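Asks: Protein chains in written order, with our numbering: chain A, 1 to 335; chain B, 1 to 335.
If you are wondering where the hints come from, they were derived from the structure by calculation, not from laboratory data.
Please read these numbers as outputs of a predicted model, since none were measured by experiment.
Even glycine gets a Cβ: it sits at the ideal position worked out from N, Cα and C.
Just so you know, not all the hints are guaranteed correct.
[As the list claims (entries may be wrong)] Pairwise CB distance ranges (calculated):
1. Glu106/A - Asn78/B: 52 to 60 Å
2. Met314/A - Lys57/B: 43 to 51 Å
3. Phe309/B - Ser150/A: 41 to 49 Å
Number of protein chains: 2
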Amino acid sequence: MKTMTLTMPLDMHVHLRDGEMLETVAPLTSYSFSGALVMPNLVPPVTTLDMVRGYKKRIQAAMESDDFEPYMTLFYQNYSRSFLEEVKDHIIAIKLYPSGVTTNSEGGVASFDIEAMRETLEAMSDLGIILSVHGETNGFVMDREAEFMSVYEMLAVHFPKLKIIMEHITTREAVKMLDQYENLYATITVHHLMITLDDVAGGMLRPHLFCKPIAKRPHDREALLKVALSAHPKVMFGSDSAPHPKHTKESCGCGAGVFTAPIALQLLCEIFEANDSLDNLQAFVSDNAQQIYGICPDFKEVVLVKHDFVIPEMYGSVVPMRAGETLTWSIERVD
Amino acid sequence: MKTMTLTMPLDMHVHLRDGEMLETVAPLTSYSFSGALVMPNLVPPVTTLDMVRGYKKRIQAAMESDDFEPYMTLFYQNYSRSFLEEVKDHIIAIKLYPSGVTTNSEGGVASFDIEAMRETLEAMSDLGIILSVHGETNGFVMDREAEFMSVYEMLAVHFPKLKIIMEHITTREAVKMLDQYENLYATITVHHLMITLDDVAGGMLRPHLFCKPIAKRPHDREALLKVALSAHPKVMFGSDSAPHPKHTKESCGCGAGVFTAPIALQLLCEIFEANDSLDNLQAFVSDNAQQIYGICPDFKEVVLVKHDFVIPEMYGSVVPMRAGETLTWSIERVD
């Protein structure tokens with residue numbers, strides 16, 4: 001039977017939440033990944049060393065395996081150099097949210113005043129802390145990411161030694177940026193490789209496919225597929241897996257987020273196989289991220305096999321993407 | 001207190017459904033409107049004279065007032081001239097659905113073969129039966145209406161004496177068509193005067209604002225407002241009020257439709273007043289439709305007053321648009 005072995009797969013953008021939800025989702029990520037970049041948008045957001053340490057401990061307590069590294073992040077604010085020096089061995093990135101653009105981003109950046117941000121971004125640049133960015137404006141939903149490109153340009157030009165990750169990119173405009181600025185990189189989710197707005201709102205309305213940034217047009221998905229399938233050295237996998245309880249997704253005001261953590265590797269095998277690109281999957285789900293972030297996860301091997309896997313209807317209170325559907329790849333074992 | 005009197009208001013596009021749902025919604029429309037064009041997309045669709053008669057009787061039985069005229073329609077198929085002659089005194093329009101574009105449209109037109117449609121459309125043209133069209137392709141959700149303009153053009157050119165209604169238009173492309181072909185007209189809903197895709201999916205996902213055609217961009221809404229507020233003689237009000245039970249709207253696959261029947265006139269007063277256009281509302285909600293359709297409803301007067309009205313959370317099993325919110329206009333009496 002056809003198999004696919006992935007070594008040290010990494011999810012470079014994941015929401016593990018806290019409390020009961022953390023207990024549900026952390027083991028699902030720690031099972032099949034060697035490490036993951038953990039988003040800091042808790043309530044309140046992670047902004048101090050104590051909060052980083054505390055959150056990391058809670059994650060480690062919730063994991064079911066000890067061969068998993070939660071790469072920690074801070075929620076972007078203007079931090080002093082001395083604080084960043086103190087915290088730098090405990091985080092690998094700082095996540096910047098424009099204010100109000102997604103779940104728990106209210107405390108984010110309201111305006112991109114380069115001078116006000118200079119001390120923080122220069123210190124990050126000097127200390128090798130990566131800037132991870134949710135790149136959306138508050139404009140019309142289909143334009144938000146493309147409109148944000150000017151902010152990426154400004155950041156890339158003003159801080160040429162700062163590594164900047166365009167998180168969960170969804171447009172051809174963002175793909176184009178990868179080759180225009182040496183210090184711009186990107187994560188791509190598995191769902192944005194699969195869906196467009198048509199899947200969310202073209203037939204029935206599908207709350208479990210509703211996410212931010214919203215899925216865009218077919219030509220955008222094609223552009224994402226092209227760089228993912230070829231494992232462009234500046235892109236890496238980040239699931240943006242974001243659990244919400246079923247009752248809040250299926251309600252009159254549903255929050256944004258697609259839950260893919262336990263099925264991401266299986267889905268990626270399907271997509272890469274269907275496009276004759278399985279050979280590039282290792283780079284997309286691990287090697288590129290190791291290179292970009294300069295991280296060396298402990299050895300772990302995930303063996304996938306071409307064997308049907310029926311996605312559960314629920315994981316705890318959370319409905320995963322494609323619940324109840326059958327995937328053609330499953331995880332056989334993790335060594 | 002400020003009042004607004006509307007005489008013979010008409011809703012030229014409404015879904016009254018059947019059975020229990022008909023019992024819920026028919027009285028809400030018959031209370032505040034003199035008449036309404038009733039959509040034929042039941043299951044199975046209304047395609048025979050017996051079905052028209054039967055459905056009209058059920059509507060009349062469900063109404064709570066007898067001063068309301070249900071203007072009946074057939075579901076478009078290629079009908080013979082003799083059938084159309086037989087049915088013409090019982091309907092005023094035939095509604096054409098491209099196959100699969102919206103609720104219960106599966107039996108619609110799969111391809112626009114003018115020659116195959118010629119007998120039907122020429123007979124309709126000769127007999128003064130109006131062609132009412134759901135104008136969407138099966139393309140990308142944001143492009144479906146604009147892509148359909150070439151079909152409208154083809155129909156308008158081939159059947160110059162046929163009155164064609166572009167139903168529930170949502171784009172500036174459709175607005176532009178009004179002045180390009182003498183025989184093209186349009187209905188506009190109240191929700192498309194109020195919302196864009198941002199309201200549906202820009203913040204939280206709002207299933208009760210999910211409709212087909214989906215709400216578009218700000219510039220599209222502006223174009224609709226412009227012709228509605230000025231009561232362009234070729235546009236008329238059609239609510240496209242489309243009830244779905246709450247549990248099906250708030251689920252993992254929610255159907256398209258916004259329910260506005262009982263609040264449409266109040267909302268229109270708000271919108272027209274806010275844009276200093278109250279003087280044009282009578283034409284938009286009645287006079288234009290009388291002219292276009294050549295109909296003369298019985299006398300009815302709806303008096304609205306500038307007085308707060310809290311929209312109920314539910315009407316039967318249906319959640320209306322803006323449930324629980326307060327409108328500044330209410331219906332004082334109907335004479």
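Asks: All hints, please: hold or fail.
Replies: Verification of the supplied hints:
A beta carbon spacing of about 57 Å between Glu106/A and Asn78/B agrees with the range 52 to 60 Å that was offered as a hint. A hinted range of 43 to 51 Å for the beta carbons of Met314/A and Lys57/B is consistent with their spacing of about 46 Å. Remark: the range hint 41 to 49 Å for Phe309/B to Ser150/A is upheld by a beta-carbon distance near 44 Å.
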